[in-house]
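Participant: Turn these sequences into a full structure, and let the hints guide you.
Each chain, written out:
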Amino acid sequence: MIYVIHYDRCKSETKAFIEFSDTQRSNAMKERLKLEKMFNLGEACEEIVLLEALDLDVLKKTHGKYFNKTVTQAGQTHY
Amino acid sequence: MELTNSSINRLGERLRENITDEPLLDELDFFRQSFTETLNLVQDKLQNALRIECNTRSKSTPSIIAKLLREKTRLSKIQDIAGLRVVVSDILEQNDLLLRVLTLYPTAKIIDRRTETSFGYRAVHLVLTEQDKKIELQIRTWLQHQWAQISELAADIKGHELKYGSGEQHLKTALSVLSEAIQTREDEKLAGFDNEKNKADFKKIFMSLSQQIHGYIFDGLNTNIDG
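Chains as they are written, first to last, in this note's numbering: chain A, 1 to 79; chain B, 1 to 227.
No wet-lab data here; the hints were simulated from the structure.
There could be a bad hint or two in this list.
As the list claims (entries may be wrong) - The calculated EDC-like cross-link candidates involving lysine to aspartate or glutamate, where the alpha carbons are at most 20 Å apart (straight line), are:
1. LYS34(A) <-> GLU53(B)
2. LYS60(A) <-> GLU53(B)
3. LYS30(A) <-> ASP21(B)
4. LYS65(A) <-> ASP55(A)
Claimed, not checked - Residues of chain B clear of chain A, computed beta-carbon distances all greater than 12 Å:
5. SER7
6. GLU71
7. LEU97
8. PRO106
9. LYS109
10. LEU126
11. THR129
12. TYR164
13. GLY165
14. GLU180
15. LEU190
16. PHE202
In this text, a Cβ means the ideal position worked out from N, Cα and C, and glycines have one as well.
Facilitator: What follows is the structure in structure tokens.
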């Protein structure tokens, strides 16, 4: 799955989360570019990212900040 | 549109000047897309040969601009335009995975941020060469990843200079102490001193420091971490 995320770094807040299937890669890239043009110009807080993962759970594990999961909230712990 | 080192570097120069008009964003996107096929090939190889779950990402525009400004490097030389991240349970698994990746990519450049930390950041990064392109693979332990996420949150809210040695001193100190505590815990594991008491003692320290750092980040506001 491919995910395009619009994140406000200053507020630590995900503003948009759009999911694409693996066959919709070019649509996902177009969406990222469209959002970058809308939000990136001169706005240091805005971040548009394109991530790819097997599924949402795997994505949450490696990129928890976009789900507001920063410490020990997501799944298994390994102290 | 043809991509040559010169055209890529000219693009980088304009980004460094913080010119982010629409044609430039189109050009940057074209450059980033040139990594897609290679990135997916590397991901498939790692997943199929090593049975690991790794996620891909291509570097965001603000991150590329920040790196160009910070490191005064050329855009064509940036090695993490496209990358993968794997989070493994502990340092033993990290070492094992590192060796397994090297069987697939014997010439990979290893950047071991566990021995040479970057302002508290610890992980193993590998720069893999595939189809004449550089792809960065980050291998983090769960603990290293927790630290990186807290540090990222702090940098987002308090300023990205925190990740590069500047910024609020109390926050830098707390992040540094947490990083050292994690290193000590991981050294214990490597040395075979992984018992329940060490684990419980470390968990207390980890949670206390994490809570403290969240307090600093949000200036004493109630934070949302569990125990």
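Participant: Could you tell me which of the numbered hints above are not met by this structure, giving the numbers in increasing order?
Facilitator: 1, 16
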